[in-house]
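Engineer: Each chain, letter by letter, is given below.
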Amino acid sequence: MKKYIFKRLGMSIVTIWAVVTITFFLMHSVPGDPFRKEGKMSPAVYENLLEKYGLDKSYPEQYMIYLTNLLKGDFGDSMKSKVETVNDMITRGFPVSAYLGVEALLIAIVFGPALGALAALYQNKVPDYIAMIVAIIGISVPSFIMGTMFIQFIAKNINWLPIGGWGEFKHTILPAIALSMMPLAYMARLMRSSMLEVLGQDYIKTAQSKGISKAAVVLKHAVRNAILPIVSVLGTLISNLLVGSFVIEKIFGIPGLGALFVQSITNRDYTLIMGTTIFYAIVLIGMLFLVDLAYMAIDPRIKLTGEGR
Amino acid sequence: MDRIDANLNKELQREMFEPADLSNRDADKIKRPSIKYWPDVWRRLKQNKLAMSGLVLIVGIIIIAIAGPYMNKFDYFEQDYTKINLKPNSTHFFGTDELGRDLWTRVWIGARYSLIIGILAAAIDFVIGVLYGGVAGVASRRVDAFMMRLAEVIYSIPYLLVVILLSVVFSKEGSGTSLFVLILAMTLTSWVPMSILVRGQVLQLKESEYSLASESLGASNGWILKKHIIPNTLGPILVNVTLTIPRAIFAEATLGFLGLGFQAPNSSLGSLANDGLAGMAVGNAYQLIIPAILISLIMFGFNVLGDGLRDALDPRLRK
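Chains as they are written, first to last, in UniProt numbering: chain A, 1 to 309; chain B, 1 to 319.
Because the hints were derived from the structure by calculation, they are not lab data.
One or more of the hints may lead you astray.
[As the list claims (entries may be wrong)] Think about it this way: if two alpha-carbon atoms lie no more than 30 Å apart in a straight line, the pair counts; the simulated DSSO-like pairs of lysine-lysine are:
hint, chain 1, residue 1, chain 2, residue 2
1, A, K210, A, K125
2, A, K2, A, K72
3, B, K46, A, K125
4, A, K7, B, K206
5, B, K49, A, K125
6, B, K36, B, K49
7, A, K156, A, K170
8, A, K205, A, K220
9, A, K80, A, K57
[Said to hold, decoys possible] These stretches of chain A come out as covered by chain B in the derived footprint (C-beta under 8 Å, 3 or more residues):
hint, region
10, 54-67
11, 85-93
12, 100-110
13, 275-288
Just so you know, these numbers come straight off a predicted model, no measurement behind them.
All residues carry an ideal CB built from backbone N, CA and C; glycine is no exception.
Just need the whole structure built from these sequences, with the hints factored in.
Structural biologist: Structure, rendered in structure tokens:
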């Protein structure tokens with residue numbers, strides 16, 4: 001068990017290192033340098049700028065400097081913003097994105113499996129059809145379309161729901177729902193098939209024949225076993241959520257990390273792109289790691305001893 | 001013992017029997033022609049209405065994406081400032097955009113690109129995934145373990161981040177992203193699930209009873225590969241391919257929406273939706289809704305077809 005955790009942790013660190021390295025060299029292989037086109041600047045200013053961002057040194061040197069700074073938690077200076085460092089921007093944007101992301105995840109985790117379980121319990125009846133329609137819509141309609149449709153058809157007709165912005169709880173409702181649709185749909189589908197499989201098992205029949213109430217059979221025996229596959233895909237779903245937040249934040253004008261990332265791309269702010277990419281990667285890989293641990297803790301069938309496969 | 005036999009003989013007289021009817025001697029012969037694997041899959045797929053509607057939808061969209069741009073006299077780049085922001089009508093089926101370009105033509109050119117991207121990305125995933133997974137499946141344990149660890153590391157790099165990053169790096173400012181870069185970015189990490197699938201299948205099938213049976217009957221490795229392993233892996237691979245296509249289309253649409261898609265006047269469904277967002281703000285909602293619906297329909301079609309295929313290929317669900 002311990003051995004597995006360490007192995008898993010080691011792999012996560014290797015992955016983060018790989019992301020850092022790839023991102024660094026990709027960003028530095030961009031043809032030209034970021035200051036050339038800032039109009040007419042004197043050669044001295046240009047030299048100073050290069051020196052400030054360490055661009056006058058060789059690639060390996062720059063890479064080592066970047067890596068050491070990263071270990072200290074320093075993402076460097078933004079190339080476009082004169083007042084904020086990349087760290088400032090991330091600490092400003094991340095709480096907003098995290099709030100939205102957690103809200104969306106909660107919606108998905110509560111309603112997705114519930115919908116899937118209902119669909120399985122009433123297979124080929126009305127609840128099943130409703131659940132499957134929701135699931136198909138959630139999977140087929142990309143979040144950016146969902147978001148814009150929400151603004152167009154819901155926010156514009158209901159006065160107290162704002163069409164964008166950030167600050168109060170009501171600002172989070174529509175974006176969180178739009179963001180949660182895809183993971184919700186995915187979980188509902190997964191839960192349905194997993195629940196159907198569990199409901200056909202012998203131990204369900206045993207429980208029923210012991211005379212336990214239907215609710216107890218469903219909650220204690222069926223749902224508890226059927227929910228396991230859902231936990232195993234949580235990591236991927238969280239990563240989808242994060243990516244979904246790029247577009248959702250753009251549409252609803254939310255000042256989160258996603259909007260920042262998109263903006264850094266449009267501005268070609270290379271240090272900011274690098275910083276946010278690496279930050280995202282760390283968050284995601286950390287999540288995958290935690291989800292793996294959680295899965296191990298939940299699933300009684302996994303007893304990792306020795307061979308960690 | 002003897003007493004019972006004697007009793008039986010007394011009771012059982014010859015008259016009590018009559019000769020058996022020989023006419024249905026071959027009652028247990030199988031009358032129905034045996035159905036081969038793929039026709040059987042097709043038969044089951046045809047019963048799945050949702051999957052068939054997906055298939056019909058995809059075929060329909062492909063046909064219009066090929067023929068649609070020629071169905072009226074406009075070109076996708078042709079601007080007409082006297083006809084900007086026209087609502088859908090009989091000459092401009094989907095209306096025009098803010099530069100007076102015909103949206104019907106632009107939408108179907110966009111659908112063409114989206115489909116090409118989806119199919120190409122899936123094809124490349126297929127080739128790399130099958131090769132990598134196949135090699136890992138037959139390689140020695142140590143090589144296999146190394147290859148799979150490497151694949152896992154590659155796969156935990158977030159997919160869309162890589163795509164976005166590469167599009168930023170390889171597209172010059174203001175010139176859009178080329179088809180080549182898009183496909184490269186998309187396939188860089190997305191072949192991993194396919195390779196894991198193929199490896200798992202190969203490992204499992206290599207050890208299966210029927211492979212062993214075939215081997216003990218003197219079959220060569222090539223025969224086993226051709227007769228048992230490849231046909232049995234093909235199903236799951238096909239499902240995976242069907243589900244990779246919508247993912248690539250989705251990724252491209254998201255990129256286009258973030259402004260990292262093709263350079264105008266070329267269009268993809270994502271970049272059209274992005275343009276449409278501006279149109280919607282000034283009251284021309286159709287400019288967004290039409291590409292949005294088309295993206296959703298394509299995603300819907302491939303997803304339900306993939307699901308249907310998975311069910312049709314699963315012998316446990318056979319009725």
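Engineer: Identify every previously stated hint that the structure contradicts and give their numbers, smallest first.
Structural biologist: 10, 11 and 12
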